[in-house]
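Chains as they are written, first to last, in the numbering used here: chain L, 26 to 154; chain W, 5 to 135.
There could be a bad hint or two in this list.
[Unchecked claim] Reference listing, derived: stretches of chain L covered by chain W, where coverage requires no fewer than 3 residues with Cβ under 8 Å from a Cβ of chain W:
1. 43-56
2. 63-73
3. 110-119
4. 122-135
[What the hints assert, rightly or not] Each computed DMTMM-like pair below joins lysine to aspartate or glutamate, with the alpha-carbon atoms no more than 25 Å apart:
5. 104(W) - 25(W)
6. 128(W) - 124(L)
7. 128(W) - 58(W)
8. 91(L) - 58(W)
9. 128(W) - 25(W)
10. 91(L) - 115(L)
In short, the hints are calculated from the structure, not lab data.
Ideal Cβ placement from N, Cα and C applies to all residues, glycine included.
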Amino acid sequence: MRARPLSPHLSIYRFMYTMALSIAHRIAGIALSVGLLLFAYWLMAAASGEQAYAAALGILSTPVVKVLLAGWLLAFVYHLCNGIRHLTWDAGIGMEKHEARRSAVVVLVVALLLFALLASLAFFVGRAP
Amino acid sequence: MKGGSLRSPLSRALGHGAAKDGVGHWWLQRVTSIALVPLTVWFVFALVTLPSLEYAVVRAWLASGWTPVFAVLLVLVTVHHSVSGVQVVIEDYVHAKPLKVAALLLSQFVHALLAVACVFAIAKIAFQAVA
């Protein structure tokens with residue numbers, strides 16, 4: 026049988042920045058799924074006892090993991106904001122091209138503001154591990 | 005009822021599309037999305053506004069009032085949302101069938117493990133605090 030085209034047809038569209046938001050939504054989602062592993066490890070450590078939790082905090086407070094945590098925070102606020110944008114589309118709102126481009130800008134601005142707020146609460150008030 | 009079968013044409017067709025059960029999957033992704041807006045915002049804000057992430061502080065918070073209830077809800081909805089999202093990504097980008105099935109199985113097993121581990125951890129913390 027001849028190879029048939031499979032969705033998604035990534036290569037036939039002219040690039041628009043709304044496409045970047047779309048693929049970023051998936052990448053952020055996958056990143057958050059991977060982050061669940063660390064979240065479960067942290068919870069299990071907290072349930073296991075003081076020693077296990079101290080070991081977990083030791084891992085969480087290494088510079089590499091701190092950068093990863095910031096990345097997950099960014100992925101979370103972006104996936105949240107853009108997810109709400111997707112839900113408005115599901116409700117049939119804002120599907121015109123110019124509306125979708127405008128909401129893309131709104132999502133980016135709100136996500137960055139939320140990231141700044143949460144990151145400053147977590148990292149600069151000294152609460153982060 | 006051609007050919008003597010008692011199965012209706014509908015029952016023969018159900019579940020055999022490309023996505024097996026597209027509408028139910030699509031709908032649950034939306035339901036979990038909507039539920040996760042308040043749940044995740046609550047959890048992340050609560051986490052970053054805790055006085056610290058020290059052992060006693062985190063355990064006391066996780067065990068207090070309605071926190072364990074909403075934390076379990078958050079875990080279950082998050083894992084469902086995550087496993088169905090990962091499924092869509094695998095189905096879209098992994099086309100070789102053995103690899104696709106292996107990836108889907110791995111994702112489902114890991115997500116099941118995550119759900120049970122998180123619920124167990126929250127329950128343990130909550131019940132130990134009461135005892």
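If you test the structure against every hint from before, which numbers come out violated?
The structure conflicts with hints 4, 6, 9 and 10, although it agrees with all the remaining ones.
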